Amino acid sequence: MSAPVLAKPQLRGLLAKRLRFHIIAAFILSLGCANLYKFGVAEPRKKAYQDFYKKYDAVKDFQEMYQAGVFQYENK
Amino acid sequence: MPYPMQLGFQDATSPIMEELMYFHDHTLMIVFLISSLVLYVLILMLTTKLTHTSTMDAQEVETIWTILPAIILVLIALPSLRILYMMDEIFNPYLTVKAMGHQWYWSYEYTDYEDLSFDSYMVPTQDLNPGQLRLLEVDNRVVLPMELPIRMLISSEDVLHAWTVPSLGLKADAVPGRLNQATLTSTRPGVYFGQCSEICGSNHSFMPIVLEMSTLKYFENWSHMMQ
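First to last, the protein sequences are chains A and B. Taken in order, the first sequence gives residues 1 to 76; the numbers are from our numbering. Taken in order, the second sequence gives residues 77 to 303; the numbers are from our numbering.
Hints were generated in silico from the structure; no laboratory data involved. Here the structure is a predicted model, which means the values were calculated and not measured. Among the hints, a few may not be true.
What the hints assert, rightly or not - With the C-beta cut set under 7 Å, the calculated list includes, among others, these residues of chain B facing chain A:
1. 81
2. 94
3. 101
4. 112
5. 113
6. 128
7. 139
8. 214
9. 247
10. 264
11. 265
12. 298
Stated by the list, open to error - Below, a sample of chain B positions facing chain A; criterion: calculated Cβ distance under 7 Å:
13. 108
14. 119
15. 120
16. 125
17. 126
18. 291
Note that beta-carbon positions come from the ideal geometry of N, C-alpha and C, so glycine has one too.
Make a model of the complete structure from these sequences and hints.
As structure tokens, then:
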């Protein structure tokens, strides 16, 4: 009576296999972080400034500030 | 002006400051890229029992981790130099104002057309009106016309100081016996604050700078009134 023989397990190249998988994962993760910052913070900031200045009237803004008493002297 | 729980820069009030903000975003993105990579690799190395005890050389990976940082540094240097040169472009100022640092106040001279000069002392905390900002308000503000390039010449009458307005992206040392030039262009009206940025003695923290950017008409009326 012979006992069933198990398949020989993977004995070599375990570290290399782990490194290969995780180095690729590390690069994907770090590029993902960078893109998250770029499209979550940097691009919205640029767009916000562009949108603000598209219809900005500096003189009107000044009049409103003057009426609100922001400036030191009463003159125009 | 700064506000509580602030994390980033103050809102940009000049084109140069906007460019500096975008450059900071670009560089911080690279910092996050590298930091997340290093953190991941660190955790990777700490969470295994597998070893490789016969490593002799690693030419390929050594090449990669020399070339890649060099490329990253070039990607940081190019936009940095672009902004540096942008700051020094010929700009034909409409007005020249001298800011002189003293212990412990600033004095300003508008001598292009008439002789106007005044001192700008911090308003002491006990003399503040309700709504005014502690350690930032001054008795005489620097009134300037908005949307026009202005030349600031900064120097000192005694020790080193530094004239700073963060929302305009301006900082220049006030060195006795030397004139440092800064270009000021504000895209918006309003009141902008800064503080002395070079240690100059006991009241270094108590000599702020306040700019009032206004219409040309308001500026002209103000300068007549200040004569």
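Hint by hint, here is what the structure shows:
no.: 1; hint: 81; result: violated (17 Å)
no.: 2; hint: 94; result: holds (6 Å)
no.: 3; hint: 101; result: holds (4 Å)
no.: 4; hint: 112; result: holds (4 Å)
no.: 5; hint: 113; result: holds (4 Å)
no.: 6; hint: 128; result: holds (5 Å)
no.: 7; hint: 139; result: violated (15 Å)
no.: 8; hint: 214; result: violated (10 Å)
no.: 9; hint: 247; result: violated (21 Å)
no.: 10; hint: 264; result: holds (6 Å)
no.: 11; hint: 265; result: holds (4 Å)
no.: 12; hint: 298; result: holds (6 Å)
no.: 13; hint: 108; result: holds (5 Å)
no.: 14; hint: 119; result: violated (9 Å)
no.: 15; hint: 120; result: holds (5 Å)
no.: 16; hint: 125; result: violated (10 Å)
no.: 17; hint: 126; result: holds (4 Å)
no.: 18; hint: 291; result: holds (5 Å)
This entry does not satisfy hints 1, 7, 8, 9, 14, 16, going by the numbered hints stated previously.
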